[in-house]
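Number of protein chains: 2
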Amino acid sequence: MKRSGEHPLARWLPILDWGRRYDRHRLTDDLLAALIVTLMLVPQALAYAMLAGLPPVTGLYASLLPLAIYTLLGSSSTLSVGPMAVVSLMTAAALGRVAEAGSADYVAAALVLALLSGVILLVMGLCRLGFLVNFLSHPVMTGFVSASGVLIAASQLKHLLGVPLSGSTLPALLDGLPQAIAGLGMATPLVGLGSLAMLWSLRRWGRGGLMRLGVPGRAAALLLKLAPIVTIVVAALVAGAAGWLGHGVAVIGTIPAGLPPLGLPTGEPELWRTLLWPAVLISIVGYVESVSVAQALAVRRGERLEPDQELIGLGGANLAAAFSGGMPITGGFSRSVVNFDAGARTPAAGAFTALGILLVMLTFSPWLERLPMASLAATIIIAVLSLVDLPAFVRVWRYARGEGVAMVATVAATLFGGVEIGILVGVGLSLALHLYGTSRPHTAEVGRVPGTEHFRNVRRHAVETDARVAILRVDESLYFANVRHLEDRVTAVVNRQPPPRHLVLTCQAINVIDATALESLEALNRRLAAAGIGLHLAEVKGPVMDRLEDTSLMKTLNGRVFLSTFEAWQMLLRSTIAQPAAGGATVRHRATSGEQGPCV
Amino acid sequence: MKRSGEHPLARWLPILDWGRRYDRHRLTDDLLAALIVTLMLVPQALAYAMLAGLPPVTGLYASLLPLAIYTLLGSSSTLSVGPMAVVSLMTAAALGRVAEAGSADYVAAALVLALLSGVILLVMGLCRLGFLVNFLSHPVMTGFVSASGVLIAASQLKHLLGVPLSGSTLPALLDGLPQAIAGLGMATPLVGLGSLAMLWSLRRWGRGGLMRLGVPGRAAALLLKLAPIVTIVVAALVAGAAGWLGHGVAVIGTIPAGLPPLGLPTGEPELWRTLLWPAVLISIVGYVESVSVAQALAVRRGERLEPDQELIGLGGANLAAAFSGGMPITGGFSRSVVNFDAGARTPAAGAFTALGILLVMLTFSPWLERLPMASLAATIIIAVLSLVDLPAFVRVWRYARGEGVAMVATVAATLFGGVEIGILVGVGLSLALHLYGTSRPHTAEVGRVPGTEHFRNVRRHAVETDARVAILRVDESLYFANVRHLEDRVTAVVNRQPPPRHLVLTCQAINVIDATALESLEALNRRLAAAGIGLHLAEVKGPVMDRLEDTSLMKTLNGRVFLSTFEAWQMLLRSTIAQPAAGGATVRHRATSGEQGPCV
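First to last, the protein sequences are chains A and B.
Here the working numbering is used: the first sequence runs in plain steps of one and ends on residue 600.
Here the working numbering is used: the second sequence runs in plain steps of one and ends on residue 600.
If you're looking for bench data, these hints aren't it; they were derived computationally from the structure.
Some clues are possibly wrong.
One copy or any two copies: either way a pair holds, since identical chains are not told apart in the list.
Unchecked claim - Straight-line Cα separation of at most 25 Å, SDA-like style, residue types lysine to any residue; simulated pairs:
1) 225 x 362
2) 225 x 99
3) 158 x 19
4) 158 x 169
5) 555 x 395
6) 555 x 389
7) 555 x 296
8) 158 x 234
9) 555 x 440
10) 555 x 390
11) 555 x 364
12) 555 x 464
Generate coordinates for the entire structure from the input sequences, incorporating the hints supplied.
See below:
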């Protein structure tokens, strides 16, 4: 959000900024949004806690204090934080390593994990490390989230069908399926698949139906966000009428009455060490998800998001979750969009949502206890289907094959190796791909576009060239990984018969010359000088020239530095005109295949 | 070396190429070079085996068959392979983990390590992975080698002074020094320090002395390469006369007569697993050292080196070492330079050197057995002093602070964490530094250099600008790690009052637009279109344009693609001339501080 920054502390506590402009209109809007989000959030919080292998009430606890803290610290006006699908899956993967799902140790470890995530996010925020998020490429993130969606859906089959399945990879999860299906009951699959069918139908035809009933389109869309709670309640009523609840159809079970337990997370040092690395991954993935949503919504409102402040907001929210019986949380896509569409104006909507959930907990917990797990699983499955973005695969694959391969590899690593391996493979591959690309820089020999001061690739355009003056455009910053390629290219050019008298390196695309490249240029300069060929630079950028100024390259350069390629071309041709080159180097007009478009 | 490639197998066996041109002149040159290198190599091979914690004879074994194999497979005419300082240090670090120095297991493990290195190098060569070497930046490599030199010198103190010291890091090596010095003997330090003094004096004044005796400069320099063997022989004679050899002054000891033992390396699978990773590091470091030397010498002769063939040559040589009682080897700097200076013409010089060493072994082993270890240690210490390149630190630090920090960090990591941690820290830091740099791209708003078609940074040059047309030059390829910075920069420009009517992105420095950046540009295009601002591209390079062609960005672009910035400037100004901008956007001449040099 736009912040005037008048209050000295507003930099760290955005609420000081928007709080003073708060009025009745904003209050009404925020309250309405909070009501809708609350109704949507209750089943979501229960379901994602279940996905993480935690008691469902943990999800509710994680939706109280953290939302209030984010209201104080967050910089997004519409982001809604709480338990989220991918982070819950990662939580399950991390905790499964240290304790048995559902045990007291498991619950305690979840608090440690939330605390570690909170600290990591806060530290990143205070160190202004928000830029690190930039190192996750979109294709890799899309691949990771899509594959996580598949993993999540598979992990919910056990609740949906009431069969024993476990594991954190797709093969492990599907391994016991045939056997499990053989021992299938009747009641649970009926409730689960029935809920799935109802959710699917509402999603498919609900909006049209409501509009035919006279509900305006936008309101209809908002109302349909309540489909999960409606479905679960209907399923609970039907299963209750059939006498299945608790007898054949598993229900959520005891939800302790009252406020969340406050306290410090505890655990052996060994536990903290084991959970540190998963906490790093959870923090990064959670932050990336959260900041992407917040950014998208901020742009739609013309607001500005502070990535580093978001780290602090999320970090504070996770600490709050750790101190109040919760679990690792982050900003969620669907709930934030609902908050946005329902008209939330300020972060206060989040605090009101927390109040709403508290009210529900205090009033309705006996009812919540009787909700069927199978229906909750159905809501998760429907929700994560939207995480699978198949068109993105096609789009990326067609635009950039290498990135497409990285994307597919990320999917495979996530499905077959689990979420942590998946995200690491993805990040590693996208960095490796980028480095590989820059290590083989594109270079082009250029000539003059007739009648202009413009120079273009001789292989793509009809341009003037001269055998005495070779002009090489280097299309990449020069650094340690790619200097050898440049050396090879220059060698090829100067080994021509007749050799050129001058070699001009056009540096418009060179943004950095590192120490390794500098050494290499110095060696090149010596070699060309020995061969009687001048080495000239053109269009060297300011920041690059500033650093070259004092180097021995500039002191010994066997040639000149020109402002523009055109200037180099004019001056060097003029200086060599008195000495015709061995090969009769007249300016020739080279006509190549028609290509003439707006490309170099 | 230049290869005509006439023989179909010459690609893989360079000997088929140079072999057929072999004649009597080349033979004479190669024989002379081999004689000098042999005399230099014998003490070196013994000393480096000792450095690796292996029986000295191992160094001789590693200088026989491997040299012959390299002669067949290598592409450098002057590279001399064998045991080398840094690789021997790394070998000691790796073997120290699996067995006690000097034990039979230790010797067997050295063969496994050589075998693994050989296989890794061969596989890299066959997969044409020679380019991987480019990912080690010079500053990091210089830092690593310098620190290794210090570690090696420190590790030789125990032999030089005849005291018990051990460890693979500087603190560990120096830890026992005070206590060791308290228990110092007399004979060994006398021999060791005496040898050191003699070597130092020969190095310092030897050449001048020889030249005063009438020896030509070049011959004097070559003769001085024999200083180590002369020193060791003198030390042995003196110590022998004093009756110290074997009584107070440790000697090399038993050197088995006859040929090296041939056989396959063996070991537990666990051993192979443990040594795999060290073997990878040894292969990479050895290859980088070797290829740098070979490259430098090839340039001096105008020959061309095939990096992938070098991998195969080194891989074959290491396999040969593994099968004949050797140790991991690589191409060495000093011995190759001696080979070069002594006039070696073809790889045959290497084979002759191997023959020479064999002769020495068969004839002189009783003499070799009585060489004092302290003198060998002195030769190592003098040799590795040249690895420490202090001026490079100053140069790099002044040119690029970030790389200087990486260099110093590499030194610290090597000294205090050992060679393996050192090289990993170095590679990691140089990549991280590069990525960090490209993630914060330089962007410049540009204006027209009056009277030309050239556009330069408004903050550095006196250029014409127009409030209606903002021209932003992006000085970096657009990829996932840096698109957010561009978004921020564009936002700052279009939020100006009055806002521009057109935004031109000058893409001359953009070599790649990846899928993440494409999405970001599409989003930018939508935002600017909504704000009524045209988004135009200029100077898009051919390869970039080819890929953009079919994307939705090109289909929905709210503006045009211009061949040059000048064209964009002309056309856009003409089109907006009828509609004066809110802020009275006359073309203004902006004069900035004098800077006018050849920089953008």
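Now the hints, each set against the structure:
With identical chains, the CA atoms of residue 225 and residue 362 are at most 25 Å apart within one copy only, with a shortest distance of 23 Å there and 89 Å across copies. Taking CA atoms no more than 25 Å apart as the test, residue 225 paired with residue 99 passes in neither setting, with 35 Å inside one copy and 66 Å between copies. With identical chains, the CA atoms of residue 158 and residue 19 are never at most 25 Å apart, being 46 Å at best within one copy and 71 Å at best between copies. Taking CA atoms no more than 25 Å apart as the test, residue 158 paired with residue 169 passes inside one copy only; the shortest distance there is 14 Å, against 54 Å between copies.
In the homo-oligomer, the alpha carbons of residue 555 and residue 395 lie at most 25 Å apart only across protomers (14 Å), although the nearest pairing inside one protomer, at 50 Å, exceeds that limit. Only between protomers do residue 555 and residue 389 lie at most 25 Å apart by alpha-carbon distance; the minimum there is 22 Å, versus 56 Å within a single protomer. In this homomeric assembly, residue 555 and residue 296 come within 25 Å of each other (Cα to Cα) only across copies, at 22 Å, whereas the closest approach inside a single copy is 51 Å. Proximity of residue 158 and residue 234 under a CA criterion of 25 Å is satisfied intra-copy only: 21 Å inside one chain copy versus 83 Å between copies.
Proximity of residue 555 and residue 440 under a CA criterion of 25 Å is satisfied in neither setting, with 29 Å inside one chain copy and 30 Å between copies. Taking the shortest Cα distances, residue 555 and residue 390 sit within 25 Å of each other only across copies (22 Å), while inside one copy they are farther apart (57 Å). In this homomeric assembly, residue 555 and residue 364 never come within 25 Å of each other (Cα to Cα): the closest approach is 81 Å inside a single copy and 54 Å across copies. For the identical chains of this complex, residue 555 and residue 464 are neighbours neither inside a copy (32 Å) nor across copies (33 Å), given an alpha-carbon limit of 25 Å.
Of the numbered hints given earlier, the model fails hints 2, 3, 9, 11, 12; all others are met.
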